[in-house]
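Whenever a hint applies, use it, and build me the whole structure from the sequences.
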Amino acid sequence: MQFFIDLSRFSFLQYALIAAVLASTASGIVGSIIVIRRSTYIAGAISHCVLGGLGVARFFNVVYGIDWLTPMVGALIAAVIAASIIAWVIVYAKERIDSILSIIWAMGMAIGITFIMKTPGYSQDLMSYLFGSILMVSTSDLTLMLILDAIIIAGTVLFYNRILALCFNEESAKVYGVPVGLITFILHILIALTIVLLTQIVGVVLVIALLSIPAVTASRLTVNLSTMMVVATLLSLIASFGGLYISYTPGLPVGATIIELAGLIYCMVLLGFFIRRKLR
Amino acid sequence: MTPIISCTNVCFSYGHHEVLHEINVTVEQNSFIGIVGPNGGGKTTLLRLLLGLEKPNRGKISLLGQAPEKARKYAGYVPQHLQYDEKFPATVQDITLMSRSGLRPIGPFGKNDKIKAHNALSRVGMTKFIKRPFAQLSGGQQQRVLIAQALAGEPKILLFDEPTANIDTEGEEAINSLLRSLAQSITVVVVSHNVNTVLDCASHVLCINRTASMNALADMQPELIERARGGGVAILHHELDCHVFDKQGGGACPTNSETLKK
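Protein chains in written order, with the numbering used here: chain A, -13 to 266; chain B, 2 to 263.
If you are wondering where the hints come from, they were derived from the structure by calculation, not from laboratory data.
Mimicking DSS-like on lysine-lysine, the simulated pairs with C-alpha atoms at most 30 Å apart in a straight line are: (1) B:74 <-> B:56; (2) B:71 <-> B:112; (3) A:264 <-> B:132; (4) B:115 <-> B:74; (5) A:264 <-> B:88.
Source: prediction; values computed, not measured.
So, in structure tokens, the structure goes:
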């Protein structure tokens, strides 16, 4: 009850709820694509690389006073660079993609930790980067999230058919005239933007979970991608609101609670299917 | 008239293993070509070259008078083994519409696209499954939907790699009948081990075994055709080095090592 009383009084809670809506939308849409394309490892590599961008941006922001280079802007730059490299490797290079992803994953983390540790001042931010800080979302963060969401929704609506064909079978898509290189690039940019958006909520470590768990749960309940996106968004929203509510009074970490709740919903859906099969 | 397919001195290797050597083939519009040959003879590779999915080491290929990469959007292709997620979340309609995704650069499919998809599904007898999840269909039903997918893009040429491989006898006759009707308006190229498909439908037979030779079906040995039609022969086996589609007294397919077997 305290949660609802405070919700009407404190703007930080209202901002957190708005952030949850924005993050859930991106998570449901792009998470579904990631799941059907089996690209969770790609999302993992980009999300961990984001830490590098956060750390470098904060260092230059604090040490050299570059105001525009906020950690979120740094995260965005790092995510887009990582996504572009991955898309290029997938389309043109013959390198083993899992090796490239491991390098991007580890290098991003290493650069991030180095710069965070060399940044003067209290390094409490490290924890919020790793595990999210939905209760500390500012209006400028919300504005950036809203812009990213608009780009993600527009990109998905415009290229939905081509993304679906690409995810089904790349060679068929190529034969039918889908510009596979361009769509792969667009798809990875959408993944990058979504990861930046979700980093604010659950941090770089738990981003893969928020991207994949609601979408995997939705895949058990739906028969086509567009419905899967809608259901995944709703499930993500339930997990985010529920996680925020459950964690508020006992002071639990919000990001972790959101993920735990999403995992619990997944287990309940699996259990539901199991019971239904037994009852038949 | 420009030939719909033209291969001039085409050679292709996987690494050091040459799969196709000096292929010279010309296919005119509205022909029905049956491609036969032993496993590993280069049949599927030739289809992939025609679609620009592989590049020849030497020689020149043109499809509809253009480079394959440019012209392939006018082609319909049903591969033998299409790799896809068995739980892929898409309805039969979604899958059928995919061949039109190259025709519509952005935005959702329109009413016309859906009518084309419906018509294509009707031709393979799958309209009643239009809203069903593709993942829940049997292998044969999925194959028919993939044929509908190829048709929905209104192709000028259709390339099939073993279209009846996963289909039962009843379905096979329906597919053969469909292929015959398609060949009246567009060019059809079919790789098939199934003699019935080749003999019932093809106007020409292209024998591929590293090299290629084209033969008019009318020139084929009549008793062999009769034997294949009525003698319960359904499958071409690739065991002995004998020439199935020899011309009488000739040797029209000297590179082919196929044998008909009861």
